[in-house]
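A.B. asks: Chain residues, written in single-letter form:
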Amino acid sequence: MTVQELPGDTAAYRPTPPPAWQPRTDPAPLLPDPEPYRVLGTESADAVDPELLLRLYAELVRGRRYNAQATALTKQGRLAVYPSSTGQEACEVAAAMALETRDWLFPSYRDTLAAVARGLDPVQALTLLRGDWHTGYDPHEHRIAPLCTPLATQLPHAVGLAHAARLKGDDVVALAMVGDGGTSEGDFHEALNFAAVWQAPTVFLVQNNGFAISVPLAKQTAAPSLAHKAVGYGMPGRLVDGNDAAAVHEVLTEAVERARRGGGPTLIEAVTYRMDAHTNADDATRYRGASEVETWRAHDPILLLERELTRRGLLDDEVRKAASDAAETMAARLRERMNAEPVLEPMDLFAHVYAERTGQLREQAAQLTAELDAAADAEGEAR
Amino acid sequence: MTTAAAKPATMAQALQRAMRDAMAEDPTVHVMGEDVGTLGGVFRVTDGLAKEFGEDRCTDTPLAEAGILGTAVGMAMYGLRPVVEMQFDAFAYPAFEQLISHVARMRNRTRGGMPLPLTIRVPYGGGIGGVEHHSDSSEAYYMATPGLHVVTPATVEDAYGMLRAAIASDDPVVFLEPKRLYWSKAPWSPDAPTAVEPIGRAVIRRPGRSATLITYGPSVPVCMEAAEAARAEGWDLEVVDLRSLVPFDDETVCASVRRTGRAVVVHESNGFGGPGGEIAARVTERCFHHLEAPVLRVAGFDIPYPPPMLEKHHLPGVDRVLDAVARLQWEAES
Chain A
1 MTVQELPGDT
11 AAYRPTPPPA
21 WQPRTDPAPL
31 LPDPEPYRVL
41 GTESADAVDP
51 ELLLRLYAEL
61 VRGRRYNAQA
71 TALTKQGRLA
81 VYPSSTGQEA
91 CEVAAAMALE
101 TRDWLFPSYR
111 DTLAAVARGL
121 DPVQALTLLR
131 GDWHTGYDPH
141 EHRIAPLCTP
151 LATQLPHAVG
161 LAHAARLKGD
171 DVVALAMVGD
181 GGTSEGDFHE
191 ALNFAAVWQA
201 PTVFLVQNNG
211 FAISVPLAKQ
221 TAAPSLAHKA
231 VGYGMPGRLV
241 DGNDAAAVHE
251 VLTEAVERAR
261 RGGGPTLIEA
271 VTYRMDAHTN
281 ADDATRYRGA
291 SEVETWRAHD
301 PILLLERELT
311 RRGLLDDEVR
321 KAASDAAETM
331 AARLRERMNA
341 EPVLEPMDLF
351 AHVYAERTGQ
361 LREQAAQLTA
371 ELDAAADAEG
381 EAR
Chain B
1 MTTAAAKPAT
11 MAQALQRAMR
21 DAMAEDPTVH
31 VMGEDVGTLG
41 GVFRVTDGLA
51 KEFGEDRCTD
61 TPLAEAGILG
71 TAVGMAMYGL
81 RPVVEMQFDA
91 FAYPAFEQLI
101 SHVARMRNRT
111 RGGMPLPLTI
121 RVPYGGGIGG
131 VEHHSDSSEA
141 YYMATPGLHV
151 VTPATVEDAY
161 GMLRAAIASD
171 DPVVFLEPKR
181 LYWSKAPWSP
191 DAPTAVEPIG
201 RAVIRRPGRS
211 ATLITYGPSV
221 PVCMEAAEAA
231 RAEGWDLEVV
241 DLRSLVPFDD
251 ETVCASVRRT
261 GRAVVVHESN
271 GFGGPGGEIA
281 ARVTERCFHH
291 LEAPVLRVAG
301 FDIPYPPPML
311 EKHHLPGVDR
321 VLDAVARLQW
331 EAES
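Protein chains in written order, with the UniProt record's numbering: chain A, 1 to 383; chain B, 1 to 334.
What you were told as hints is all true, and nothing was included just to trick you.
These stretches of chain A come out as covered by chain B in the derived footprint (C-beta under 8 Å, 3 or more residues):
#	segment
1	129-136
2	161-167
3	344-353
EDC-like mimics (lysine to aspartate or glutamate), calculated; alpha carbons at most 20 Å apart, straight line:
#	chain 1	residue 1	chain 2	residue 2
4	A	168	B	25
5	A	168	B	55
6	A	168	B	56
7	A	168	B	52
8	B	51	B	26
One side of the interface only, derived from the structure: several residues of chain B facing chain A at Cβ under 8 Å:
#	residue
9	56
10	62
11	72
12	113
Keep in mind the hints are simulated off the structure, nothing from the lab. No residue lacks a Cβ here, since even glycine has one placed at the ideal position from N, Cα and C.
Produce the complete structure using the sequences and hints provided.
C.D. replies: Below, the structure written as structure tokens:
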């Protein structure tokens, strides 16, 4: 066996250069700003439509009250669980307000408020959390996918739906919401990758609220920001102050419009904070200090908006009272309706497993019918 | 127009024809998966579909099974009928969360508001000399998940008829394709009218009187051969091809066992926790007084699928089936 001799003088040898390599996409325009984008408290706030600010304000106040009421309902046993979005209302509201009626929302389990802000009946939005069927609403009627409990698995659905809509020639955009913890899941990666490859009209909104139950972001990712992840897929990443309702609304609206024009998907990271615990079943004092929570309280989304409205002379007692009254009316109505005993039909257990019941399910339905009849008879005799 | 003669066709050709016909008839049918487009699939089952219907209808996706199935869910939500290919049995495992958490229960959790008309094609089983992760029989995982239909053809004709039915179904169907039968041939004319088989019915492939072989997919030809061989021993075996594991055709199976009084379940998936346990239990619960012997199982060993050089020792063959049939002489021995 002979060793192949290198051509010419070995000292002058240079390896054959590989074929010319070109980046597929210039990464520079995809990179997020180094700081979260802000509008409130900056000069650009002057340009925001006062009408929009007032609408955002009314929705934020209503949303805050909704979170408080739903949390109270868990203490009364009327809700099995409620993952509060208190502190994150700006993200929820702006997400819903950036969509047109024909668009679709793909919420995570914490995004009840976005669904309500999109017009979903507040009681229907709580069906899953109440312990009834997963969705209390027809997803097609509201163009809201079922609240999704597994993390990030709704993101590929959003991509598929947006892709299908585009194939059909409809200018529909899908907005998919996920938390910071969800960005670690494989489905997050696969959804972003598919969306970018297919240029599906999808907007991904990550609400980075600091914790995945108890695990802080530093233990979740080593990325410079979650918005930076966009670059690896070939889509723009946007970093926005998630407590600044005007900024979130602007960034989301831009991304939705861009997707609608055929510009492809966007990944938005909204930096915010979960003021309450993960759910009522969680003790947040075990993993974060009171001072951290207080720091964020000074950056409350309603507070930021109130300051701006005051500065522009748009907030008076009348506006405050109108927003507060509307919120109280909603809460009272929600309380009243949630206190009514829900009526469940046991035979529904077999009604929707398949389009047509299988032989096995027919047998089991007959068994349950017999059990229910026997129970009714026993109750009748006891009387 | 002359009717084409029934010259031999392969199961792969019949499956391909089923997709082509479904796509031609219904513009909402979309085929998607890794390599299904330009290459025509690693088994050539989707050959020519991208050329005929365009890449939007037969799409080469990124290599990501959860993404393939997850985006197909969204496409089905918007009114399309995706036909997803998982390429190889064990490659489907990354998609299991989508399958179990969403595909199987979307209709139920939306009270019928959001049915998913999805077909998930999974080439499965061994006998082709595949390396690790290319020969699993994963049907028990699918069967264990309510909300899914699980079907598997064993003949060229059924491959066509059942795939058409799966695509037409308004529910998700896991369509298991026995890899080693892809090239099995049968006289089948793609031009002749072929029945679209309603999902959920077993069929008697061979009538017999002395015992029932309950089987499906790749084990059907094994059982047919065993039944022929058993004639020499004086056994007249009935072979039931289940075709559908979910829903399960208790009626056909139990009618057969009641006639013959003896039953063997044959499949190549491992026995412990495998489909045979469920089938044997169902038959015993329903036919106990008709049984002359315990319901026996002939299955693959309870081992990870073996390397190709040893798989012949794992896969239940004719001899193992005949041994089980011999053990059905329960009454005579006791």
